[in-house]
Amino acid sequence: MEDHRGAPAIEARELSRSFKGGIEAVRAVDLSVDEGEIFGFLGPNGAGKSTAVRMFCTLLPPSSGRASVAGHDVMDEGDAVRRDIGVALQEIGLDPVQTGRELLELQCGLYGITGSAGRDRAAELLELVGLTEAADRRTKTYSGGMKRRLDLASALVHRPRVLFLDEPTTGLDPASRLTVWDEVRSINADGTTIFLTTQYLEEADELCERLAIIDHGELVAQGTPEDLKAAIGKDVVTVQLRGADPERTRDVIGELPGLDRVLGEENELALFVEDGATSIAEIVRRLDAASVEVGAISVSRPSLDDVFLEATGRRLEGAEQAPEHADEAAEEDEAAARAVAP
Amino acid sequence: MTEVLLLGRRSIREVLRYPEATIPTLFIPLFFLAVNIGQVQKTFPADSTPFLHGQSYVAFQMPVSLMFAVATATTGLALVTEIDSGYFDKLLVAPIRRTSLIVGRLAADLVRGLAASIVVLLVGIIIFGMHVEAGPAGAVLVVLLAACFGVAYAGFGILVALHTRNVQATNTSFLLFFPLLFLTPNFVPFDRLSPLMETLARINPVSYVIVGIRSLIIDGWVIDKILVCVGVIVVMGVVLIGLSLRAIKTYDR
Chain A
32 MEDHRGAPAI EARELSRSFK GGIEAVRAVD LSVDEGEIFG FLGPNGAGKS TAVRMFCTLL
92 PPSSGRASVA GHDVMDEGDA VRRDIGVALQ EIGLDPVQTG RELLELQCGL YGITGSAGRD
152 RAAELLELVG LTEAADRRTK TYSGGMKRRL DLASALVHRP RVLFLDEPTT GLDPASRLTV
212 WDEVRSINAD GTTIFLTTQY LEEADELCER LAIIDHGELV AQGTPEDLKA AIGKDVVTVQ
272 LRGADPERTR DVIGELPGLD RVLGEENELA LFVEDGATSI AEIVRRLDAA SVEVGAISVS
332 RPSLDDVFLE ATGRRLEGAE QAPEHADEAA EEDEAAARAV AP
Chain C
4 MTEVLLLGRR SIREVLRYPE ATIPTLFIPL FFLAVNIGQV QKTFPADSTP FLHGQSYVAF
64 QMPVSLMFAV ATATTGLALV TEIDSGYFDK LLVAPIRRTS LIVGRLAADL VRGLAASIVV
124 LLVGIIIFGM HVEAGPAGAV LVVLLAACFG VAYAGFGILV ALHTRNVQAT NTSFLLFFPL
184 LFLTPNFVPF DRLSPLMETL ARINPVSYVI VGIRSLIIDG WVIDKILVCV GVIVVMGVVL
244 IGLSLRAIKT YDR
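For the protein sequence lines, the chains are A and C, in the order given. Per our numbering, residue 32 is the first one in the first sequence, and the count goes up by one each step. Per our numbering, residue 4 is the first one in the second sequence, and the count goes up by one each step.
One or more of the hints may lead you astray.
To be verified - Cβ-Cβ distance ranges computed for the label pairs, FRET-style:
1) C/Ile31 to A/Ser217: 35 to 41 angstroms
2) C/His166 to A/Thr172: 31 to 37 angstroms
3) C/Arg20 to A/Asp110: 28 to 34 angstroms
4) A/Asp110 to C/Asp227: 45 to 51 angstroms
5) C/Val241 to A/Ser217: 33 to 39 angstroms
6) C/Ile130 to A/Asp167: 35 to 41 angstroms
7) C/Tyr21 to A/Asp107: 37 to 43 angstroms
8) A/Thr172 to C/Pro27: 20 to 26 angstroms
9) C/Arg12 to A/Ser63: 37 to 43 angstroms
10) C/Thr253 to A/Ala148: 31 to 37 angstroms
11) C/Tyr21 to A/Ala148: 29 to 35 angstroms
12) C/Ser88 to A/Glu45: 30 to 36 angstroms
13) A/Ala148 to C/Gly132: 53 to 59 angstroms
14) A/Glu45 to C/Thr253: 21 to 27 angstroms
Simulated from the structure, these hints should not be mistaken for lab results. Using N, Cα and C, we set each Cβ at its ideal position, and we do this for glycine too.
Start from the sequences, fold in the hints, and give me the full structure.
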């Protein structure tokens with residue numbers, strides 16, 4: 032076997048994909064993921080995350096550009112890519128007719144792990160994801176969290192070098208989300224490179240060593256969460272407008288000492304400043320003097336949401352949505368991506 | 004080969020665990036057998052109808068019931084459901100030949116087709132008192148031909164499933180079955196049909212499958228009819244399954 036050590040685990044150059052009707056789902060994405068990394072793809076629903084993952088997994092050919100995974104080109108060496116990757120797609124792909132154990136044993140068999148080796152590996156993975164008791168029930172009786180965990184286990188049967196997780200926690204309750212995070216960390220600790228997509232800022236922040244922010248199919252920022260946050264300044268003062276005119280409010284606040292830039296959204300202004308505490312007092316004074324009434328004014332350290340705001344001009348939609356709604360929207364997105372495939 | 008066995012076993016498991024999907028496909032052929040016989044048996048009495056060769060009309064209807072039993076949209080539906088659920092993607096990501104996903108499903112069709120033909124044939128023999136003129140070996144061939152026709156026909160449902168990826172479209176694809184099965188000498192021989200019907204029936208390849216199977220039941224071993232029947236099934240299978248295999252190889256590629 033060829034040795035690809037030292038090569039990036041995932042590499043994309045000008046990777047693009049458009050669908051019928053001219054929808055450009057992914058536009059000229061360049062990225063490189065090192066072996067052993069947890070790399071995050073952060074973006075709202077419909078940003079192109081799933082389409083990118085499908086291209087890396089050889090499920091969808093790129094319209095243009097190139098990508099390689101585990102040192103193999105996704106177009107020319109699809110078989111080699113498939114041997115080296117594990118995949119848990121956003122839409123949980125489980126056969127409702129099989130039991131959890133049967134599903135994993137079949138999955139083992141498809142990767143050439145047959146007989147008692149397959150049975151042992153299936154049992155081991157069931158234990159790992161805490162499904163030993165439910166192993167002999169058909170998967171249609173499983174809860175959302177159980178399905179997600181079984182799907183994750185089925186992506187691991189052959190100890191893949193690179194694991195793709197497309198929104199692994201979308202639609203999960205907070206406790207299940209933490210369980211998945213722990214599992215992701217422990218899989219990564221064994222040396223597996225992990226590429227995960229998420230629409231949750233906290234998940235990207237907690238889990239990923241490096242991340243790329245994707246919006247409308249384009250990468251708008253890339254780096255470690257710390258670097259990305261550090262790049263936009265020290266403090267963020269958020270002014271809730273609550274009906275106040277954005278232009279006027281901005282004018283009244285005017286130039287502040289240490290003000291880097293102001294970003295406006297529908298209902299709030301975000302001011303990136305050197306020193307939040309001094310600025311907040313000055314802002315209150317000026318608004319008061321001009322009799323501009325606003326809502327709450329708060330100061331915080333920059334978050335990934337501020338990074339997103341800075342890169343795209345708006346807050347990350349869906350991050351504050353109730354999980355079930357986020358899930359529905361995400362499913363529609365995924366279904367649309369598959370429906371328009373040629 | 005292992006992957007075909009594994010996938011075939013899984014498809015068969017699916018058949019066994021969803022009896023509600025299989026039982027109606029058995030109900031329809033048996034229902035039509037009973038109803039058709041009830042309606043026309045007096046019109047075609049065994050002792051005075053030359054084309055029955057002394058057998059009851061059940062023997063004449065049996066091949067049609069066998070076609071009903073084996074030609075189903077079950078496989079296409081199972082496949083499109085799998086595409087819809089996302090499990091199909093999981094299988095496509097595995098390092099296996101894509102064609103084994105189809106061959107594994109067809110293996111299950113063969114098993115289901117054999118079982119269904121045996122049931123229908125036994126009902127004809129035990130309940131309606133018909134017999135197979137060509138003897139036990141002939142009866143085995145009847146079952147095999149019917150099951151193989153079912154496998155070839157399944158290729159059509161698979162094609163629709165892969166091309167449309169739509170459950171409703173795949174479900175309605177069974178409508179094609181009506182012209183294929185009824186523009187045939189299903190009630191009377193070719194020469195008793197109206198000229199237009201006869202022309203259509205002679206163009207329809209399924210006619211020759213029915214005629215071949217019927218010859219084993221009514222006439223015994225009529226080699227040319229059997230060979231034509233086998234030929235039609237092989238050509239249908241090569242075309243429909245060949246197109247299905249090509250469709251899965253180029254699926255999203």
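Evaluation of the provided hints:
1. The given range of 35 to 41 angstroms is broken by C/Ile31 and A/Ser217, whose C-beta atoms sit roughly 53 angstroms from each other.
2. Remark: the range hint 31 to 37 angstroms for C/His166 to A/Thr172 is upheld by a beta-carbon distance near 33 angstroms.
3. Distance hint check for C/Arg20 and A/Asp110: the Cβ-Cβ separation is about 32 angstroms, which falls inside the suggested range of 28 to 34 angstroms.
4. Taking 45 to 51 angstroms as the suggested C-beta distance range, the pair A/Asp110 and C/Asp227 conforms, at roughly 47 angstroms.
5. Taking the beta carbon of each, C/Val241 and A/Ser217 are about 51 angstroms apart, not inside 33 to 39 angstroms as hinted.
6. For C/Ile130 paired with A/Asp167, a C-beta distance near 39 angstroms keeps the hint of 35 to 41 angstroms intact.
7. At about 40 angstroms, the beta-carbon gap between C/Tyr21 and A/Asp107 stays in the expected band of 37 to 43 angstroms.
8. The hint said 20 to 26 angstroms for the Cβ distance between A/Thr172 and C/Pro27, and at roughly 24 angstroms that hint holds.
9. Range check, C/Arg12 to A/Ser63: Cβ separation about 42 angstroms, and the 37 to 43 angstroms hint holds.
10. The given range of 31 to 37 angstroms is respected by C/Thr253 and A/Ala148, whose C-beta atoms sit roughly 34 angstroms from each other.
11. Between C/Tyr21 and A/Ala148, the C-beta spacing of about 30 angstroms keeps the proposed range 29 to 35 angstroms intact.
12. With their beta carbons about 33 angstroms apart, C/Ser88 and A/Glu45 fall inside the hinted range of 30 to 36 angstroms.
13. Roughly 54 angstroms separates the CB atoms of A/Ala148 and C/Gly132, a value that falls within the hinted 53 to 59 angstroms.
14. Our hint of 21 to 27 angstroms for A/Glu45 and C/Thr253 holds, since their Cβ atoms are close to 25 angstroms apart.
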